[in-house]
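Colleague: Listed here are the chains, written in short residue letters.
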Amino acid sequence: MFSAVRNRMKSVKNIQKITKAMKMVAASKLRSAQVRTENSRGLWQPFAALLGDSPSVDVKKNVIITISSDKGLCGGINSTSVKFSKALHKITSGPDKETKYVIVGEKGKVQLVRHSKKDIELTIAEVQKNPLNYTQVAVIADHILKNVEYDALRIVFNKFRSVVQFIPTVTTVLSPEIVERESESGGKLGDLDSYETEGAETKGEILQNLAEFQFSCVLYSAALENACSELGARMSAMDSSSRNAGQMLDRLTLTYNRTRQASITTELIEIISGASALTG
Amino acid sequence: MASNAAAPFWRAAGMTYISYSNICASLVRGCLKEPHKTEALTREKVHFSFTQWKSGKPEKPSIISDTVE
Numbered sequence: 001m002f003s004a005v006r007n008r009m010k011s012v013k014n015i016q017k018i019t020k021a022m023k024m025v026a027a028s029k030l031r032s033a034q035v036r037t038e039n040s041r042g043l044w045q046p047f048a049a050l051l052g053d054s055p056s057v058d059v060k061k062n063v064i065i066t067i068s069s070d071k072g073l074c075g076g077i078n079s080t081s082v083k084f085s086k087a088l089h090k091i092t093s094g095p096d097k098e099t100k101y102v103i104v105g106e107k108g109k110v111q112l113v114r115h116s117k118k119d120i121e122l123t124i125a126e127v128q129k130n131p132l133n134y135t136q137v138a139v140i141a142d143h144i145l146k147n148v149e150y151d152a153l154r155i156v157f158n159k160f161r162s163v164v165q166f167i168p169t170v171t172t173v174l175s176p177e178i179v180e181r182e183s184e185s186g187g188k189l190g191d192l193d194s195y196e197t198e199g200a201e202t203k204g205e206i207l208q209n210l211a212e213f214q215f216s217c218v219l220y221s222a223a224l225e226n227a228c229s230e231l232g233a234r235m236s237a238m239d240s241s242s243r244n245a246g247q248m249l250d251r252l253t254l255t256y257n258r259t260r261q262a263s264i265t266t267e268l269i270e271i272i273s274g275a276s277a278l279t280g
Numbered sequence: 001m002a003s004n005a006a007a008p009f010w011r012a013a014g015m016t017y018i019s020y021s022n023i024c025a026s027l028v029r030g031c032l033k034e035p036h037k038t039e040a041l042t043r044e045k046v047h048f049s050f051t052q053w054k055s056g057k058p059e060k061p062s063i064i065s066d067t068v069e
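Line order of the protein sequences matches chains H and P. According to full-length UniProt numbering, the stretch in the first sequence is residues 1 to 280, in order. According to full-length UniProt numbering, the stretch in the second sequence is residues 1 to 69, in order.
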């Protein structure tokens, strides 16, 4: 009884040490990731101003790009992006339409394989071996573009608001043909014609270049935002688990002391009653 | 303008705008002077694994990495 409680106390203490260390690591990584995320916002904001975001666009070939992390222990961010992707899949699928998944990150894949195996087109992992950089994400975007047929790419990720707040977000990137179609029907994209473009290229060519570059930029910022959210979520998850371990330790210490006290009391009673039996 | 003439060529070679701009970017990085050059080169490290799926089954993953070079 005694040593069992002592063993548990020791193991809880060790776990608490580990979670504390993980929290520290996440916190220090988060700082640099946050700076990079904030710097990257300048990359996609011009695109948002120029092309806008059209989540409601209705096209035949939808591709949902779910961004998740490779490692676990970071709260619910992967589940949220998977949940969002599934909902989006339900909305965009129809009789003559098809929706496919492209999954970045190991944890999202594990969750989506269970129900939507057939709709997975590509999976990408080990993205965060080096710190994320634009070149890498651009190569990934290049691979996705070459291997997937799409009318609209919908990127699902967790936008980083603060260490404890992440907003699941969907960004839509349209294929050049769809951009052209939408711009003819007016709306925000209709303003495209009022821009002056250099060179003798046709409008379709410019739009194709623009759409490709937009995709890589948006994917870059999405990957960064999600990495940032992952670290933030890991930080708060580890913080609360170290706190739980502390509480557990307190309770265990209490039982430990109580049983120790009880055994001392019994021993005392035995000695005293033995002594009084001799004298009496 | 050189870019006007060049644009169709890289497209004809099967490149997307992304790979074209990446090659341009790495050329520009190569023009930097020394302390900045190594720092800039760390920003073009690529490493990830890439798996294609055919009808619900993953195919053999290919690792795309330039750390060996």
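Rather than coming from a laboratory, the hints here were simulated on the basis of the structure. Just so you know, even glycine gets a beta-carbon here, dropped at the ideal spot from N, CA and C. Watch out, some of these pointers could steer you wrong.
Claimed, not checked - Below, a sample of chain P positions facing chain H; criterion: calculated Cβ distance under 8 Å:
no. : residue
1   : Thr16
2   : Asn22
3   : Cys24
4   : Cys31
5   : Lys33
6   : His36
7   : Thr38
8   : Phe50
9   : Ser55
10  : Glu59
11  : Lys60
Colleague: Each hint needs a verdict: does it hold in this structure or not?
Modeller: Do the hints match the structure? See the list:
1. Evaluation of the P/Thr16 hint against chain H yields a held restraint, the C-beta minimum of about 5 Å falling below 8 Å.
2. At its closest, the beta carbon of P/Asn22 sits 5 Å from a beta carbon of chain H; the interface hint therefore holds under the 8 Å criterion.
3. For P/Cys24, the interface hint is violated, the least distance from its beta-carbon to any beta-carbon of chain H being 12 Å, above 8 Å.
4. The interface hint given for P/Cys31 is violated, since its Cβ lies 16 Å from the closest Cβ of chain H, which is over the 8 Å cut-off.
5. For P/Lys33, the interface hint is violated, since its Cβ never comes within 8 Å of a Cβ in chain H; the closest pair sits about 20 Å apart.
6. Hint status for P/His36 relative to chain H: violated, with the closest Cβ pair at about 15 Å, above 8 Å.
7. A least Cβ separation of about 14 Å between P/Thr38 and chain H goes past the 8 Å threshold, and the interface hint is therefore violated.
8. The beta carbon of P/Phe50 comes within 6 Å of a beta carbon in chain H, closer than 8 Å, and the hint placing it at the interface holds.
9. For P/Ser55, the interface hint holds, since its Cβ comes within 8 Å of a Cβ in chain H; the closest pair sits about 6 Å apart.
10. Below 8 Å, beta-carbon pairs count as interface contacts, and P/Glu59 has none with chain H, the closest being about 10 Å; its hint is therefore violated.
11. With 8 Å as the threshold, the beta carbon of P/Lys60 stays out of range of chain H, its nearest partner Cβ sitting at about 12 Å, so the hint is violated.
The structure shown violates the earlier hints numbered 3, 4, 5, 6, 7, 10, 11.
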